[in-house]
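Participant: Taken in sequence, the protein lines are chains U and X.
Note that the numbering used here numbers the first sequence so that position 63 is 63, with each residue one more than the last.
Note that the numbering used here numbers the second sequence so that position 1 is 114, with each residue one more than the last.
One thing to keep in mind: the hints can contain errors.
[What the hints assert, rightly or not] A few chain U residues facing chain X, derived, Cβ under 10 Å:
no., residue
1, 4
2, 56
3, 59
4, 86
5, 88
6, 100
7, 105
8, 109
9, 111
[What the hints assert, rightly or not] Not close to chain U: a few residues of chain X, all C-beta gaps over 12 Å, as computed:
no., residue
10, 119
11, 172
12, 173
13, 183
14, 195
[Unchecked claim] Straight-line distance between alpha carbons at most 25 Å, and here's what the computed DSS-like set of lysine-lysine pairs gives:
no., chain 1, residue 1, chain 2, residue 2
15, X, 218, U, 36
16, U, 19, X, 218
17, X, 181, U, 40
18, U, 41, X, 154
19, X, 154, X, 218
20, U, 38, X, 116
21, X, 218, U, 41
22, X, 181, X, 169
23, X, 169, X, 116
24, U, 53, X, 218
25, U, 38, X, 218
26, X, 154, U, 19
27, X, 181, X, 130
28, U, 9, X, 154
29, U, 38, X, 213
30, X, 213, U, 22
31, U, 41, X, 116
32, U, 40, X, 213
33, U, 9, X, 116
34, X, 116, X, 213
35, X, 154, U, 22
36, X, 130, X, 213
37, U, 36, X, 116
38, X, 213, U, 36
39, U, 22, U, 41
40, U, 36, X, 154
Please keep in mind that the hints were generated in silico from the structure rather than gathered at the bench.
All C-beta atoms, glycine included, are put in the ideal place defined by N, C-alpha and C.
Residue strings, one per chain:
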Amino acid sequence: DTEVTQTPKHLVMGMTNKKSLKCEQHMGHRAMYWYKQKAKKPPELMFVYSYEKLSINESVPSRFSPECPNSSLLNLHLHALQPEDSALYLCASSRETGGIEAFFGQGTRLTVV
Amino acid sequence: ELKVEQNPLFLSMQEGKNYTIYCNYSTTSDRLYWYRQDPGKSLESLFVLLSNGAVKQEGRLMASLDTKARLSTLHITAAVHDLSATYFCAVDMPPNRDDKIIFGKGTRLHILP
Numbered sequence: 001d002t003e004v005t006q007t008p009k010h011l012v013m014g015m016t017n018k019k020s021l022k023c024e025q026h027m028g029h030r031a032m033y034w035y036k037q038k039a040k041k042p043p044e045l046m047f048v049y050s051y052e053k054l055s056i057n058e059s060v061p062s063r064f065s066p067e068c069p070n071s072s073l074l075n076l077h078l079h080a081l082q083p084e085d086s087a088l089y090l091c092a093s094s095r096e097t098g099g100i101e102a103f104f105g106q107g108t109r110l111t112v113v
Numbered sequence: 114e115l116k117v118e119q120n121p122l123f124l125s126m127q128e129g130k131n132y133t134i135y136c137n138y139s140t141t142s143d144r145l146y147w148y149r150q151d152p153g154k155s156l157e158s159l160f161v162l163l164s165n166g167a168v169k170q171e172g173r174l175m176a177s178l179d180t181k182a183r184l185s186t187l188h189i190t191a192a193v194h195d196l197s198a199t200y201f202c203a204v205d206m207p208p209n210r211d212d213k214i215i216f217g218k219g220t221r222l223h224i225l226p
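Using the sequences provided together with the hints, build the complete structure.
Facilitator: What follows is the structure in structure tokens.
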């Protein structure tokens, strides 16, 4: 199983809503990542978790709140988002951080209205 | 600060032709990745290059890494329409910040049937 599963695939939310994105992998990977990708742009790193601990936060606004409940799951909690936060949110995992191939999920297409 | 430059950013080519995509990066790193992304889809890992002189081939695609020149190439041989996609190279930060992967801007490849 080399899958990273993200849910939901599509999400439309209002600026006052609270929602969560979920990511799951069962490859035993100990590093998990959130990326944001705008149309026709490269992915931008948001957060890195290593062994369930937050390793990197790329100065992401606090309206995005990551959570890693266990080694297989990664959540991204969303609250009071802005329309400019609309993007494709990609989760990825790798066996370890650094120099190891990362596998990406299919992404969640988020639209903030 | 690590910078990753890809060129060309857009390439339209005929089936059957050969071409090369270039990826230059600004800081010492011996870890480079190539990904493919189809429109609206996630990233698919193509190659992981972990040492100077590494060369990997899969079908019509061949990737190489020259860490001294800080250059990787993705060579396409006898292109077919199915290879139309956006190709990203990505580079690991230097060892003291090795949790972070920086993506190039991507090369949009359009192969004409």
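Participant: Decide, hint by hint, whether the structure agrees.
Facilitator: Evaluation of the provided hints:
1. 4: 8 Å, holds
2. 56: 5 Å, holds
3. 59: Because about 13 Å separates residue 59 of chain U from the closest Cβ in chain X, which is outside the 10 Å limit, the hint is violated.
4. 86: 14 Å, violated
5. 88: 8 Å, holds
6. 100: Where the cut-off is 10 Å and the nearest Cβ of chain X is about 8 Å from residue 100 of chain U, the hint holds.
7. 105: 6 Å, holds
8. 109: With Cβ-Cβ at 8 Å, under 10 Å, it holds.
9. 111: Not OK, violated: residue 111 of chain U not within 10 Å of chain X, min 13 Å.
10. 119: 9 Å, violated
11. 172: For residue 172 of chain X, whose nearest Cβ neighbour in chain U is about 18 Å away, the distance exceeds 12 Å, so it holds.
12. 173: 21 Å, holds
13. 183: 16 Å, holds
14. 195: Fine: 19 Å to the nearest Cβ keeps residue 195 of chain X off the interface.
15. X:218 with U:36: 14 Å, holds
16. U:19 with X:218: Status violated; Cα separation ~30 Å.
17. X:181 with U:40: The given pair, whose Cα atoms are some 30 Å apart, is violated under the 25 Å limit.
18. U:41 with X:154: 13 Å, holds
19. X:154 with X:218: Holds - the C-alpha atoms of residue 218 of chain X and residue 154 of chain X are around 16 Å apart, at most 25 Å.
20. U:38 with X:116: 19 Å, holds
21. X:218 with U:41: Given pair residue 218 of chain X, residue 41 of chain U holds - Cα atoms ~6 Å apart, limit 25 Å.
22. X:181 with X:169: 18 Å, holds
23. X:169 with X:116: 23 Å, holds
24. U:53 with X:218: 29 Å, violated
25. U:38 with X:218: 12 Å, holds
26. X:154 with U:19: 22 Å, holds
27. X:181 with X:130: 29 Å, violated
28. U:9 with X:154: 11 Å, holds
29. U:38 with X:213: 19 Å, holds
30. X:213 with U:22: 21 Å, holds
31. U:41 with X:116: Answer holds: residue 41 of chain U to residue 116 of chain X is near 15 Å, not above 25 Å.
32. U:40 with X:213: This hinted pair holds, its Cα atoms lying about 21 Å apart.
33. U:9 with X:116: Violated - the C-alpha atoms of residue 116 of chain X and residue 9 of chain U are around 31 Å apart, more than 25 Å.
34. X:116 with X:213: 12 Å, holds
35. X:154 with U:22: 17 Å, holds
36. X:130 with X:213: Since the Cα atoms of residue 130 of chain X and residue 213 of chain X sit roughly 35 Å apart, the hinted pair is violated (cutoff 25 Å).
37. U:36 with X:116: 18 Å, holds
38. X:213 with U:36: 14 Å, holds
39. U:22 with U:41: With Cα atoms ~23 Å apart, residue 22 of chain U and residue 41 of chain U stay inside 25 Å; holds.
40. U:36 with X:154: 13 Å, holds
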